[in-house]
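Participant: From first to last, the protein sequence lines stand for chains A and B.
Position one of the first sequence corresponds to residue 1 (this note's numbering), numbered consecutively onward.
Position one of the second sequence corresponds to residue 1 (this note's numbering), numbered consecutively onward.
Just so you know, not all the hints are guaranteed correct.
What the hints assert, rightly or not - Derived list of chain B stretches under chain A, where covered just means 3 residues or more per stretch with a C-beta under 8 Å from a C-beta of chain A: (1) 55-65; (2) 144-158; (3) 165-172.
Hints listed in this document are in silico derivations from the structure and should not be mistaken for laboratory results.
Ideal Cβ placement from N, Cα and C applies to all residues, glycine included.
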Amino acid sequence: MSDAAHGRAPRPRSPMAPPRSFLWTRRIVLALLTGFVLLPVYVMVSSSLKPLEDVSGKFEWIPSTFTLRPYADIWETVPLADYFVNSIVVAGAATVLSVAVAVFAAYAVSRYAFRGKRVFTVTVLSTQMFPGILFLLPLFLIYVNIGNATGLALFGSREGLILTYLTFSLPFSIWMLTGYFDSIPRELDEAAKVDGCGPVKALFRVIVPAARPGIVAVAIYAFMTAWGEVLFASVMTNDTTRTLAVGLQGYATQNDVYWNQVMAASLVVSVPVVAGFLLLQRYLVAGLTAGAVK
Amino acid sequence: MTQTAVTPAREPAVRKATPGGARTARRSGRRRLALPYLLLLPALLLELLVHLVPMLMGIVMSFKELTQFYIRDWAAAPWSGLDNFSVSLDFDAAVGQSLLKSFLTTCQFTVLSVGLCWLLGTAAAVLLQENFRGRGVLRTLFLVPYALPVYAAVITWAFMFQRDNGLINHVLHDQLGIGDSPAFWLIGDNSFWALLAVSVWKGWPFAFLTVMAGLQNIPREMYEAAALDGAGVWKQIRHITLPSLRSVNQVLVLVLFLWTFNDFNTPFVLFGEAAPEAADLISLHIYQSSFQTWNFGTGSAMSVLLLLFLLLVTGVYLLLTTRGRKTSDV
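For reference, chain A alone in the conformation it holds in the complex (with noise of 0.2 Å):
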């Protein structure tokens, strides 16, 4: 097999040059989706440095005044830093808690030949359909009677929304991962096994190391799915559990709205997830070219 035909090795060229019509088509409509990817994201930015007169009045799209105040008056008009700390450990402990349980499901459906897997896989991806909405009610009676019976506070607990979270990225994540182990050579694991390997060593030694990029990209997607949930989040959180989901929503809904303030706090809630997922989104391609499209 030559160099080209693996994965990523150069783009499909035609020796002929493209023709006009073409390069003006692609010139045009990649401008065109800029422009519009960029809109919000520009007036995200510019607004958050503007003094709140002038987000109050007509819309400028060059500011005619800089200020850095909306920055530090976040944190003192509704208790962001708490907000902040909360989705962190939600998100973060729904993330670690769902890769490590999707791996174990992937991997049992990657190299075991068992009864049901096939119910086991059709039903775990069709929870995917769902509505969310037909499960909420439910799960807010089950968590409240739950608490009533054993004291567990599950509702409006950060511990109930990283169990709800965690399940919500999770068909997903053992559907992709699947598709990657079943892309890894059962000779590597045989081999370990050889070397006198259990399975469950094999798998951390061998597969987990071997499907880095794939399990990156399950942990990007759940970190995201939590980090941006609001539905779960507006009904079982309260005001110390609350997430920068709802507690973004405490600038809005005052009577006065700090447009300023709202831009502001957005960039700030938005940078470390969009850092994050940028630096990291080759996996995401690669993740989905080995696992979920076949």
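Fit chain B to the given chain A structure using the hints.
Facilitator: Quick look at chain B alone, frame taken from chain A:
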């Protein structure tokens, strides 16, 4: 799958070297049988607790008269037969009528949003397939809407759609002079288009990402052969690229459909608890009617109806697309 069968046969041979080999081998055989289930156990328990049991409970609840008096002890709520369903489906009365309206709005919204997301995502991925200067930057840039947390992005759009101090009216009314007075975007009929714009902005990068991944699996030789036959770029796109994306599109369109139809986050953040009628998507509608009246029974019945609809559409869709694919493959 075939190679797993080799494993147990080879294992005992290795174990025999240790004293008491036979017994260990038998025990390890039984353990081997249980192992996949043990590995699946955490996933299974979690799925049961958070998805499957609540779903079954939701179905049971839809047959109960579950009002606020029974929240603490839902099992004690009296059975109401099909009452909740007949209330939801009585299109002459207020509840059923508004549910039907919300359902139709959601259908219209979903078709437009999925179509546009797919179109933009495919166009961008195909145009970025060949290498040129700036390709990497654009590829990263186009993923930004996907990476931004939903609420941060949607709040920004809400600001842009403000009547008096938003960017949209500044451009349309002040700079382009459209309309006599600045329009309202977050209330009234315009809210449908505002919601659609946000939804497409948020959703198309996923289509882009998926199609991009799908493009990497098209063998390069196909393009080379086509070029030798004298096919230009447009012909190559039409006859090689797009047909090769068939199976990717099959999954992509279904996933986009389910996500968009169930979308709660976008309208919830854009409009707050109460969406204007023109943009009253079904998830938000059910949420609102459940938590406003604390009538979980009717809310559950509506959710079950929604699930049935989604199951039906998914089933028919998979049936049609896989059958179409099989005949074309033969």
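Participant: Of the numbered hints stated previously, which ones are contradicted by the structure, given in increasing order?
Facilitator: Nothing - there is no hint that the structure violates, so all of them hold.
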